[in-house]
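> The residues making up each chain are set out below.
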Amino acid sequence: MAIDSFLSPDDLRLGEEFLEAGYVIQSCEELEVLEELKRRLLTETNRWLADHQQLGQVQELQFSHERITSEFINDIRLHLFAHLNSTEDTRYSYFRLASSLIQRLVGNELAMQSKVNLSIQQPGDQTSVLELHSDVWAGDSPFQVVLWVPFTDSTASNAMFLLKPSTSHEAYQRARTGELNSMDQVHEAYRSQFKPIEVKFGEVLIFNSNCLHGNQLNTTSTSRWSLNCRITSLLAPATTPERRLGAYYTPIMVRPATRMGIRALDSLGITA
Amino acid sequence: MSLEAINVKGYTTPRTFSGFQIPIPLQSMAIRRYCEDRGLVFNHHVVENITPDTYFVLERITREAHLYQAIAMCSVGMLPTDSQHRTALLSLCLDQDTSVHFLFEQTVVTSQSDIHAVNELISLTNLVSGSPSRLGNFQYLSKYSS
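Protein sequences, first through last, are from chains A and B. Mapping the first sequence onto the working numbering, position 213 (from 1) lands on 213, and the numbers just tick up by one. One rule links them: number in the working numbering = place in the second sequence (from 1) + 1000.
Keep in mind the hints are simulated off the structure, nothing from the lab. Computed from a predicted structure; not experimentally measured. Here a beta-carbon is modelled for each residue, glycine too, at the ideal position from N, C-alpha and C. Possibly wrong hints are sitting among the right ones.
[Said to hold, decoys possible] Listed next, with one range per pair, are the computed distances between beta-carbon atoms: (1) L1067/B - E36/A: 27 to 33 Å; (2) N46/A - E1036/B: 28 to 34 Å; (3) A264/A - Q1096/B: 28 to 34 Å.
[Unchecked claim] Far from chain B, by Cβ distances over 10 Å, these chain A residues were calculated: (4) R13; (5) E20; (6) E29; (7) A50; (8) R67; (9) R77; (10) D89; (11) S114; (12) L130; (13) D266.
Please model the complete structure; the sequences and the hints are all you need to start from.
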């Protein structure tokens, strides 16, 4: 009997689940690394608050809204973004949270977005709402996945939502034919199908960013803090100059055979 | 190599690089902003020739690299496509204690291993550069096309 795929049955099942639903959720692979990242976020947030003469400190990220108002939430977010991305070990730590899962879904030669992104969704904060969008519609690589990790339990309206691949594809086709002419119309047409993806602290989410996704106004009583970063196969095609290797992604896993090949091309004077 | 009080020579090009065609004033502005953000001293930029696959101006500023402490340009894609030529120019800068900064890749070359890393990055990028580059056109846009 011919074997169609050399992937293990577990990997085949994982792949089918991912392709059908548009995401998978699993336990974090290195919980102590996750805890350390969380500590860094909390420490640096409180340092900012102290430096800016703000009263009180954040004791737990899920209650950050008790100390951080809409007036300076973006200042804090930008500060934390710069702090996290000032050291290379942040990306490495982040990758370790789901290293095996990423390799099972994407491969073992990888490139990772140059920056890790921070999202803070506090109750009632309209300024942090990320409208419905698809990364690939904005020019991102269709071959990338997003590793999304919460530092608080994300539930109901403080979670992100995603339209599954078949639905997103349908929306795209309706936009291409002119039936839907704006993101507002797409939003209205599919609003009833927005499904929050609930991810607890200690879990990781990997999703297909070709799917339409976003978040809504947080009407829960807790804040949601999460990081996200894009990962793609090292040799996946780039669809736009801005999303190419080097500027947007940097290589994180290059196997000897690939190095061997590019050195051979170089020796022969062949530029691809 | 200390980054304090560093004079930076900006290098720009009228040619396409890395898939971009960026007006020279914008390239210069980006380099100037890069320098301001890092406390570096921006020197007026130079502009490469428009003739494809020539690097006359880059050759000159690398030969004169001792006049500055750093050269800055938008992207590694502005370097010669031939890796030996590229390596020779970057090495010449290092020999004169001049670092080379690439804004888009956020990379600074200060050593031979940095040159090696840049070469590898360019090789990898070239491997995947022949790619699906156009998403499907939206039909409704045809109403507005002539």
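> Hint by hint, which ones does this structure get wrong, listed from lowest number up?
1, 11 and 13
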